[in-house]
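Q: Protein chains in written order, with full-length UniProt numbering: chain A, 1 to 276; chain B, 1 to 325; chain C, 1 to 536.
Don't read these hints as lab results, they were simulated from the structure.
In this text, all values refer to a predicted model and were calculated from it rather than measured experimentally.
Cβ coordinates follow ideal geometry from the N, Cα and C atoms, glycine included.
Warning: the hint list may mix true and false statements.
Stated by the list, open to error - With the C-beta cut set under 8 Å, the calculated list includes, among others, these residues of chain A facing chain B:
{"id": "1", "residue": "TYR102"}
{"id": "2", "residue": "GLU115"}
{"id": "3", "residue": "VAL128"}
{"id": "4", "residue": "ALA158"}
Chain by chain, the residues:
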Amino acid sequence: MQFIRDYLRNPAAAIGLLLLAAVLALAATAGLLFPDDPLGLAGRPLQWPFANAAFWLGTDHSGRDIAAQIFHGARVSLVIGFVATLIAILIGIVVGALSGYYGGVVDDVLMRITEAFQILPNFLLLLVLVAVFGSELNTIIVAIGVVSWPPAARLTRAEFLSLRNREFVQAGRTLGLGDLRLIFGEILPNALPPVVVYASVIMAVAILLESALAFLNLSDPNVPSWGNLIGGGRSVLRDQWYVSAIPGVAILLTVLAVSLVGQGLNDALNPRLRNR
Amino acid sequence: MRLLTLAGRRLLAALPALLIILAGLFLLLQLAPGDTVDALVAQVGGGDPTMIEELRRHYALDQSTSARLADYLWRLVHLDLGHSAIYGKPVIDVIVERLPATLLLMGSALSFAFAAGMVLGILAARRVNRWPDTLISTLGLVFYATPSFWFGLMGMFFFAVYLGWLPAGGFGTIGGGLQGWALFVDTLRHLVLPTLTLALIFLAIYLRIMRASMLEVSTLDFVRTARAKGLAEGAVVVRHVLRNALLPMVTLIGLQAGTMLGGSVVVESVFALPGLGRLAYESVMQRDLNTLLGVVFVSALLVIFINFVVDLLYAKLDPRISGEH
Amino acid sequence: MKLTRRELLLSSGALAASAFFPPFAHARAEAGAPRKGGVLNVHLASEQRILNPSLRASTGVYIVTSKIIESLVDLDADGKIVAQLATAWESSKDGKTITFKLREGVKWHDGKPFTAADVQYNALELWKKHLNFSTGLQQNLEAVDTPDAHTAVFRYSRPIPLDLLLRALADLGYVVPRHVFEGTNVLENPANTAPIGTGPYRFVQYERGQYIIAERNPDYWRKDQPYLDRIVWRIITDRSAATAALETGQVQLSAYSQLALADLDRLSKNPDFEVTAKGLEANQFNNTLEFNFRRKEIADIRVRRAIAHAINIPFFIENFLYGQGRPGTGPIPSTSTAFYPKDAKVAYPFDKARAEALLDEAGYRRGAGGVRFTLKLVPIQNGEDVPLFATFIQQSLAAVGIRVEITNFDYAASLAAVYKEHNFDIATGWHQYRGDPAVSTTVWLHSGSPAGSPWTNQYGWKSEKVDTLIEDAASEIDPAKRRELYAEVVREIDEQFPIWFAIERDFYSVVSKKVHNGHNTARWPSSSWHDTWLTA
């Protein structure tokens, strides 16, 4: 209860939660409000918003209803964001925690692997993965997760490195707590805040990475993703800027929501800031 | 001397990772549908069987994967990166041509993002939860959420096409024969928009991390002690808070060397910059293995070097971390 | 067979006239006298691996190299053959021997004289062995004799139509210096990226990823030409960035439809620019739909016709392509006056009810969710219209109960998927028509191309009749009979429908109005620009 009160006391965090709820609402009502295929031909292409009562956000370059794509796209973007982030964070935390806690050979091996992934620019690896395995949505999500974990691992490791010699860990050790208990029970909760902040970063990057793939025409064309809409609107950027601006704003607000919530959580989780 | 040995050891330690990457990528791309001859034929709009067969022989694609991989690694041992299929000359020459643009772009974007992120982060943290903080934080989040190609294209239309203040793209005025100061200004003008575009997302990240770690550190005991000792607020910030808050910032630089190169793929293609990012993208699209692996190899050395420097800094900044770490 | 100069008769009066007069220098009245000087900046949409048009035939190579290296012949504004390095030509009665007279007093950029030995080397070593499209065209070339320094006699084992050869040589007849290439590994010759030719401009510099520069050749064989000091090709891969470069004056020309359709539409209203399809008539392209007969539904002619009936091409052209295009009527576009059949028509016009009826008749009734069956569509990436057309196909077929899943590959992968692995049900891309069906169109229809040859018949379809017609036409030297053979091919393709040439498209250029004597040949972006000039 205290935690929720702490969280909500922060107006930015509250706004973030509200925005996120709104995005979830879009995703939830998409099927209800727009039962037709959002990728189907709805009308003449490139109708401006409000120009036609049937399409209040207008139509895109392929004559598809932008509003329908925004609603259905919320699902896709949330799925891309959440799942890819989950994959990345899980890999990252495990690698980072083990590496930072044990040090030595474990650290060396894991860090070499992490380094290997970091040496490869993530977007480049993503391109290679998509070139090799195709651009089906599931493939893209996994690929984004696979290229996004090293920062989380490095961050976790850095936290572990600076925490593992702290007094409370040493105290735990003298009490005879097991490694797992120490890692996940004692150190991880303290190491988590930057990683939580970073989770929102990864989620945002995941959504942006998909839009960059769409910009290069390498995303899955069979799902109504916001990235595809931006990518498609790119050719009419000058005159019908709304085609890419509307999903752009949708991405912006979603990423904003995720970031605000992430930051709010961080502030609320961080006991040292509680009294500020 | 000790530094050199340390660096040498680092490089040695990174060798296995490097080998895994190069071999891994090589094998991964074998799985990709289409090879460099397909890409070439795609570019020229068609070809007949004789020509295609001849080209496959030319690029040694008629040999087995293992033979080519072994050949590649063997040449790599001799520091020979091979011949570029796209450019028809040694990969190392191609990379050396492309390196300046990328280094300049990454360097300027990184410095800008780091400096501005630090300043804004400090400002925000010092006025936490008041309007400057809200403004800066929101701005950061908006920067963060903007797709960079979209920002780049919009910036280009606004500043280059409508206002005519900045060039629309390229890496310098062609055939201008500029020298000295004029060349510097010319390059600078060409770099403004790409730098901003690439730096935007990193600026947002640095800003947030800086703000967070400032807040984090300023509540720690030793800072309180410093304050209690009656040190002036400015001195506390500089001497104690900043120094510790910089730790995660510095870590991030190491982390993001690679990411930035990835980001420059998009930025370089929007602004027609002749850099490594676009080279890498083109070599993936054209299935030019030698060039791709060459770019990866060079950027790997770059990342290893940056991380080495970061670790040195880290040790300097945080006395708790000893020796090797 | 030895020919004296007097005996060297030309095959037609029109050709004779254009051969002996300066081909097109003053064909069209231009405002004012040509001005000397100036730099023409040209948009180049993709990096070129090599700059050698006698090894690589593509518009991307021509747009640069045709200013530096010249071909034996070029086209005039009406698409007729005009002299360039060859000044006259004649075919023997049996169509197996073609004699070219070559221009005298022409020098390579390195100062050596241009002679028949150069042509001989190019024809036998480059055009016949390496050059795409040309290795097929020249497969029956057995020898090139050089009775004197300015006569080249091409000897073929089978008759070759003179019109076909000449039309093809405008693109596939570029001559590079023998003394630079002979005895080297031609694919790795440094002159491939630092070209040496006889053209009005000399190569200066190729800065990878940035620009290519050529400058005026002071020793050019056309006295007092060219007019421009320099040509700079700027490599800009992003379409929007290229438009911005035009609007900020960084480039004055973008050719071969390399800009976004929406930007073309807007630039056509800009008083500083001209958007034109004139001067690019030599090449046309189609948006195609390729069928894979290995899929049993597709192998049914009723399904293929139903698919065509289901797609509203006029609507697509009007609303998606900004009106740029015409419904396709077969493999030969309507602009090809020499070969377009008089009775060509849209074989399967939009008729949704007919499409549904055909599908029902074929036994594919709507099942769960109204879906009859699912097809995998591979867009062969080329320009922005291919993904657009793929989406439209998906939308249109959904309306008649065929679910379409688009599989996005990058360019190389899509070619491999369709033409090598046959991993598609339907595919959509571009067919390019290069003035004569035998150059690059009949390979789309003739059977027997090995898997892995892009833009050939890889549909799992074969027609003995079409194969025979195509073979006959390739060696038929009577133009009227040849035309009739191709008309028969078109009818047969309409009937059997192994591939749909759905939309007929023109290439477009956007050019600043400062450029004069522009677009005055049928392949102007690929011509030598010897008479092009700029207002200050």
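Q: All hints are to be evaluated individually against the structure, with a verdict given for each.
A: The hints, checked one at a time:
1. TYR102: violated, 12 Å
2. GLU115: This interface hint holds because 5 Å falls under the 8 Å limit.
3. VAL128: Constraint on VAL128(A) satisfied, holds at 6 Å.
4. ALA158: holds, 5 Å
Checked against the numbered hints listed earlier, the structure breaks hint 1 alone; every other hint is satisfied.
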